[in-house]
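Peer 1: Here are the chains, one letter per residue:
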Amino acid sequence: MSASVEHRFGPYGGQYVPETLMPALAELEAAWLQARADAAFRAELDELLRDYVGRPSPLYRARRLGAAAGRTILLKREDLNHTGAHKINNALGQSLLAKRMGKRRIIAETGAGQHGVATATACALLDLECVVYMGTEDIRRQRPNVQRMELLGAAVRPVDAGARTLKEAVSEAIRDWVASVASTHYVIGSSVGPAPYPAIVRDLQRVIGDEARAQVLAAEGRLPDRVIACVGGGSNAIGTFVPFLDDADVELVGVEAGGAGLRSGRHGAPLTVAGPAGVLHGSLSAVLQDEMGQILEAHSISAGLDYPGSGPEHAWLRDLGRARYVAVSDDEALATFRRVTRLEGIIPALESAHALHLALQPSASTLDLVCLSGRGDKDLAEVLEQG
Amino acid sequence: MPYLMGGFPDLDGSRRIGEAYADGGADLVELGVPFSDPLADGPVIQAAGTAALRAGATTAGVLEVGRALAARVPVVAMVYVNVLLARGAERFADDLAAHAISGLIVPDLPLEESDAVRAACDAAGVALVPLVAPATPDERLARIGAKARGFVYTVSLLGTTGERVALAEAFAAVVARAKAHAPVPVALGFGIGTPDQARQAADAGADGVIVGSRLVRAVAEAASTDAAVATVHELVAGFAGALR
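Here the protein sequences line up with chains Y and U, keeping their order.
Mapped onto my numbering, the consecutive letters of the first sequence carry residue numbers 1 to 387.
Mapped onto my numbering, the consecutive letters of the second sequence carry residue numbers 388 to 631.
Calculated from the structure, these hints are not laboratory results.
Check each hint, because a few of them may be wrong.
Here are some chain Y residues pointing at chain U (derived, C-beta under 8 Å) [claimed, not checked]:
no.	residue
1	P23
2	L33
3	A35
4	A37
5	K167
6	V178
In this text, a Cβ means the ideal position worked out from N, Cα and C, and glycines have one as well.
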């Protein structure tokens, strides 16, 4: 563990935020450095991850999926965590940090609602005030999560600007934070945003990959050929990838939202499309933008992947050639959602279905480790509507 | 120092708004370039930016508006960093200079990220104006002040642009602190919506007072561009009068 927190990953990252937030980012970085070196903080978080979240999450050998694909497929079951996705790892860690910093109010953005639910859950547990910003289109298509957040005591603030999805929710949360910075901690839900957030979120999500690596070695006596994860902002993927970075023979594959297809222009695949880098929500990374530098709206059936930006560490891993990024379309994800449900009796989140789809395609790989980032109950209405 | 959203309600309309500011006695005009995700702006300026983009505003078009206004009054462009980076810092600074725009404010470009942009601006003879906030500690104020060009834009309160009924208590304090650490003039902005508040800002020591949302709101609420021009002319004259 280094003595500082990365601000850059190669050229990517940085802190492109209004001046008002700069002291808060410095305070956050100092607090994180202190906390992560503090055995008591680590012990408190570990106990909650174990007894409250239910970690370690199982690594499950999906035999019927494997038979269909012609290789061994191992699923890292983040869907089995308390609250149903990997988001709780980060929400709990950051909320504990915020409490340690003396912040009484937590704000968050959410797309699919999983990060919102996880943050509302952590705030209920830690007795903190919670406000979650959510695009009105996402509120419509992820209704059960909205209800859960409100039951947990969070205020869900609808955001009606733009396409009314994740990008707008992040922008509005940042505006709130600019006004409330003294009393409030902003729990960003993915590995995006100004430094130190991408590094903090990665540090909190790497429990996925740390566990999975030990589990696959124990179960299979070898490392996987491929580690596959879906990428919206990129938090479950970076958490799964990072412990394998030094394993040169393990291919790391991130799966983005192909939406209506890359050629349609209606997708959420900035890493795959690999246009010029841009600044969105405080960090320089792969983004979807036009020639003028206006950020474009992403399009995906899955709310959690419906983001035109990406984590800066992913952009760097892509440029280094250490990880590669591909896109899976809405139709493909929907079909895989149903297929995985029928073959394994596991209803995956639509986001996770993107990663699962890739694992089922022809490949020279003999062993795939796929992060099943969340459960799909939240997606039932949307999937059934699609027919 | 009134602010206008370039391209709102449309490019020519925004030029006329800027001319009305000059007619009303503005000492300097801040010209906003619309951006899809303006993190430092409240609802009024956000909406103006969205409308401007919808009406077909482009960076080139807004720069042309700047050139026209610069014939009457100094113009400082306000641009979010991604719009600047899309063009490239050197090219953007050169474009500003070519359009006789004398200053640049980038609300999401803090000191740590500003070296390349400042170098490009210095080379082009454009002043990169930094922002400081009430939350900025003294030692940071000193570092920012030391690299300031043109003036220091002091944000009056915590938050985004937008009129506030009562100004923050930290108001006079932030001006005093900025002046103590900046070798350049200090302008105060965010939340100033009435001539009375402008007067208070000047009395607190501000060398310049920036008014944005109040004026943009007037344009948004006007029935036509002609009406908007008349209203903002009157408003700016009111602010200028209070500051004399």
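Peer 1: If a hint holds in the structure, say so; if it doesn't, say that too.
Peer 2: Hints, one by one, checked against the model:
With 8 Å as the threshold, the beta carbon of P23/Y comes within range of chain U, its nearest partner Cβ sitting at about 5 Å, so the hint holds. At its closest, the beta carbon of L33/Y sits 17 Å from a beta carbon of chain U; the interface hint therefore is violated under the 8 Å criterion. For A35/Y, the shortest C-beta to C-beta distance to chain U is roughly 22 Å, which exceeds 8 Å, and the interface hint is violated. Violation of the interface hint for A37/Y is found here, the shortest Cβ-Cβ separation to chain U being roughly 24 Å, above the 8 Å cut-off.
Hint status for K167/Y: holds, given a least beta-carbon distance of 7 Å to chain U, under 8 Å. For the restraint placing V178/Y at the interface with chain U, the shortest Cβ-Cβ distance is roughly 6 Å, inside the 8 Å limit, so the hint holds.
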